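**Student:** Mind the numbering: the sequence shown is residues 1 to 323 in UniProt numbering, read in order.
None of these hints come from the bench; they were simulated from the model.
Any given hint could be a false lead.
Below, a list of computed lysine-lysine pairs in the DSBU-like style, where the Cα atoms sit at most 35 Å apart [unchecked claim]:
| id | residue 1 | residue 2 |
| --- | --- | --- |
| 1 | Lys247 | Lys278 |
| 2 | Lys108 | Lys252 |
| 3 | Lys31 | Lys252 |
| 4 | Lys252 | Lys307 |
| 5 | Lys142 | Lys278 |
| 6 | Lys238 | Lys212 |
| 7 | Lys198 | Lys278 |
| 8 | Lys247 | Lys68 |
Just so it is clear, the structure is predicted and the values come from calculations on it, not from any experiment.
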Amino acid sequence: MGMKEIHQESIQNTDAIVLHEFKLRYKNKAKIIYGFVEGIDDPCFYRGFLENSLSSDWRVELWPAGNKDSVYKIYSNFDWTRFNDEQILFFVDKDLSVVLGRQYTIAKNIYITDEYSIENSIVTPNICDRLLREICGFTTLKYDESDFILEHFKQQIEEFKKYLIPIMGCIVYWHQNKLLNRQSRLNNILMKHAFRVKNGKIEVIDSPNEKKDIIEYAHAQCNIDLINRENIIQSIEKFQATNCHEKFTRGKYLLWFLVEYCISLNRDWESLDFISIKQRPKMAVNLSQSNAIVQIAPRCRIPDSLKHFFNNTIFRYEKTISA
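Make the full structure from the sequences, and use the hints.
**Tutor:** What follows is the structure in structure tokens.
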């Protein structure tokens, strides 16, 4: 068996391994909520949301399954006559399923994000304000100035979403034509190659990573041959015409913008005519792309749809255990 086959087999067996480990840990009618998520970053968000919603003597155990298909495969392997669907939860991203016309299992204990991913719901003006005040040194920022900054943030992130339409149009086309492979890592499309934030404003970098344009760059980064540019352009135009960028821009790209926006205000403070501070704000802790999730996740507000999901699951289970 070659390395490629071994890698493929290990991926296919991930869900079985996760499910086996869960069953070794599982305790029925205990003050524990169990959950399955897609990636290794997801517990940073969902564990906090769960723990902040439960009584202090409850525990949360989350299991990254690797991807959406594995989460659903684990769900399908449960005998729900033996397990409580209010104690065991599943969290998946909507991704581009609406755009692609893909349908997935809907169940009481499966939470599907409102937009592309959970990051879309937490990249908000409120979290921007908290990062600026609590991390980036804007502790004495006047609230009328804050109002202006947050309105400016909303305008800039909408502009950023529009700039990302070509990338998202490419991704849609790749999915539709089954061009994505094991070497096609969307995380390899690095925002820093194509964009920068200066004075709080998003700017496009010409010839990203020495490529002709963003389309050629995205294909190169994902190891996909750019064969039919005309079809790619049509996919991009359709994505734009249907305003899909408003809800279905990849959340990790928006998270990148949030961090860069806050860093730019701290770095370029002297050039900002809408801030009256007299000296450079001092960072309380380092803020970077590498530690962004660790800094942001504890400050996130729980999405309303997730509150509703908890009302129908963990809160009901909590009442039965407390009764």
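**Student:** The structure should be examined with respect to each hint, and the outcome stated for every one.
**Tutor:** Each hint tested on the structure:
1. Lys247 with Lys278: violated, 38 Å
2. Lys108 with Lys252: This hinted pair holds, its Cα atoms lying about 27 Å apart.
3. Lys31 with Lys252: Distance of about 33 Å is within 35 Å: holds.
4. Lys252 with Lys307: holds, 22 Å
5. Lys142 with Lys278: Given pair Lys142, Lys278 holds - Cα atoms ~13 Å apart, limit 35 Å.
6. Lys238 with Lys212: The given pair, whose Cα atoms are some 22 Å apart, holds under the 35 Å limit.
7. Lys198 with Lys278: holds, 20 Å
8. Lys247 with Lys68: Holds, because 19 Å separates the two Cα atoms, which is no more than 35 Å.
Checked against the numbered hints above, the structure breaks only hint 1 and satisfies the rest.
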